[in-house]
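Using the hints provided, position chain B relative to the given structure of chain A.
Chains A and B supply the protein sequences, listed in that same order.
Each residue of the first sequence is one higher than the last, beginning at 5 in the working numbering.
Each residue of the second sequence is one higher than the last, beginning at 5 in the working numbering.
Worth flagging that the hints you see were computed from the coordinates, not collected in a lab.
It cannot be assumed that every hint is accurate.
A pair holds if it fits inside one copy or across any two, identical chains being indistinguishable in the list.
[Claimed, not checked] In the DSBU-like style, the derived pairs of lysine-lysine whose C-alpha atoms are separated by at most 35 angstroms in a straight line are:
hint: 1; residue 1: K37; residue 2: K60
hint: 2; residue 1: K94; residue 2: K299
hint: 3; residue 1: K131; residue 2: K29
hint: 4; residue 1: K288; residue 2: K94
Remember, it's a predicted structure, so these values are computed and weren't measured experimentally.
Number of protein chains: 2
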Amino acid sequence: MKQVVIAVDLGGTNTVFGVVDKEGKVLHQTSFKTQAYPEISAFVTRCGEAVSSLLKEVGGAEQVKAIGIGAPDVNYWARTIENATNLPWKGIVPLAELLEKETGISVRITNDAKAAALGEMLYGAAKGMKDFIMLTLGTGVGSGIVVDGKLVYGRKSFAGELGHVSIRPESGRPCPCGRKGCLETYCSATGVAQTACELLADSHYSDSLLHRLNPSEITSKDVFEAAMQGDALSNEVFRLTGEWLGEACADFATFSDPEAFVFFGGLTKSADCFMPHLVETYQKTVFDNYKGTAKFLISTLKDGEAALLGAAALAWLDETV
Amino acid sequence: MKQVVIAVDLGGTNTVFGVVDKEGKVLHQTSFKTQAYPEISAFVTRCGEAVSSLLKEVGGAEQVKAIGIGAPDVNYWARTIENATNLPWKGIVPLAELLEKETGISVRITNDAKAAALGEMLYGAAKGMKDFIMLTLGTGVGSGIVVDGKLVYGRKSFAGELGHVSIRPESGRPCPCGRKGCLETYCSATGVAQTACELLADSHYSDSLLHRLNPSEITSKDVFEAAMQGDALSNEVFRLTGEWLGEACADFATFSDPEAFVFFGGLTKSADCFMPHLVETYQKTVFDNYKGTAKFLISTLKDGEAALLGAAALAWLDETV
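Chain A extracted, bound-state conformation (with noise of 0.2 angstroms):
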């Protein structure tokens, strides 16, 4: 029987190995810099010898059941990635195919958001569930969708990107993508300073904490020491934090009628100062039938395992392996 998956977080910075049992213990792990190899044959190469060295600890390929991988810019049904600006390599990149030939494993490759989404329905704040959203609040808004215990993924598997739904169609922030008002121009680290640097211009808000600071330089994690000790902008920022998510979650709840919405990243260290907003304004605005029947939770998994685990729960999840 097979007891292990390799699971691989292959990330701009870091490309972290680890070999994760069924019950999301990581076992064992390695890593080496993704940006030391910007030739693809050398990347493989290297992560051949992961692999190896991994195997000699759990005892052999015939211990692994497939290898996982979560990588941004993936395009799941071809297995490839494709134009990745974080990564070293160009083009497209038949990556699960590659490492294949080099190792001899099965490999399933996904976008890391939504294998996030896979690692919290098999080990964390999702288990058991077959509907729910989740949305990654970090720098943008990122977001896996699973409708009955699967996973979205669309035409060309660029299905679940929520953080660009426009809110403010008509008046929002203008968003790299081109949209304007999406949700991560509004509910992202960078939205909730933007929203504070806003504030700060009114007279309102004279006395605030944040006056001490240069404004381009206020982070989401000063809005939140600042709310913390009672900066009323910063409350104002997080209520209003909370009012967004709370009204596009409701919009998302029209779609795929969710048993929970499951947030992670770093601005849920903040959840305190926004959930209670965001439920509040979920349950005044969504539309009836959905009043009352979705769970809002944040992520079980431990930050630096999150994206292992995900990874994990993509080689553990596929049937066909």
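Okay, now just chain B, sitting in the frame of chain A:
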């Protein structure tokens, strides 16, 4: 081999039964008035008689794969009709179970708007597609979302209420559902009439043909007919309607990355008036990943048969019967 299914279009006025083959040919048909049976037991008995009469036509129950029902307010998971506002029976009606007992044939039941999407997938504009969104533009706006070849139901089978996504969360029209700016307050037949009424107050359109009508009696059909005669106000109504729909579809794309949007319902008779604006706005505003990838199609099923074919598709596509 099973040759046919029995399809049931259960509406507030009529309940229509049809024998439908795999190619979508309606071979036999019978119907009766729904409201003539205020007691569910009498309704089920009457349904049994309708089935019996159709079985005689096809050569017995062994020719029938299953019965498929499209009805309002269906809980797909529970196989019940729940608190339907336009049907005579109050509370929760376990119709699938009752009709199975009455006929001895497997019964599948789903929401009529969702059945319509299945009909389109098996017989219509979405033939062969696995990822598409169907929008029914009628008195309201209904929808059915297909992901990887399957309908999205969600936790309580309330998924796909896209008519209640708010496209104008701040300044939008009040919706009977309690939300503000719901898509259906703008892009339904009712919404089109309201847009026309609002524009009539604009002195710019003092020569509009619609001024000849009583504003409270203007219908989307009147607006369409005036547009066909070159009425500037009416053309502006459809330009706005197309823009709103295009914006909404751009948001929906981020959810499930569909291959196509399929439009159905009375308002699609005016598709020539709004579709060019819809597509233009979509391409202009949609997130880069989706640009140029979605088709915009009008249902190819006949008005009078679409509901039956949807119910038939439900029965044909169910792999468990």
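Going through the hints against the structure:
Proximity of K37 to K60 under the C-alpha cut-off of 35 angstroms is restricted to the intra-copy arrangement: shortest distance 22 angstroms within a copy versus 73 angstroms between copies. For a Cα distance limit of 35 angstroms, the shortest separation of K94 from K299 across copies, 29 angstroms, qualifies, whereas the shortest one inside one copy, 41 angstroms, does not. Taking CA atoms no more than 35 angstroms apart as the test, K131 paired with K29 passes inside one copy only; the shortest distance there is 15 angstroms, against 45 angstroms between copies. Proximity of K288 to K94 under the C-alpha cut-off of 35 angstroms is restricted to the inter-copy arrangement: shortest distance 27 angstroms between copies versus 47 angstroms within a copy.
Against the hints set out earlier in the document, no violation occurs for any number.
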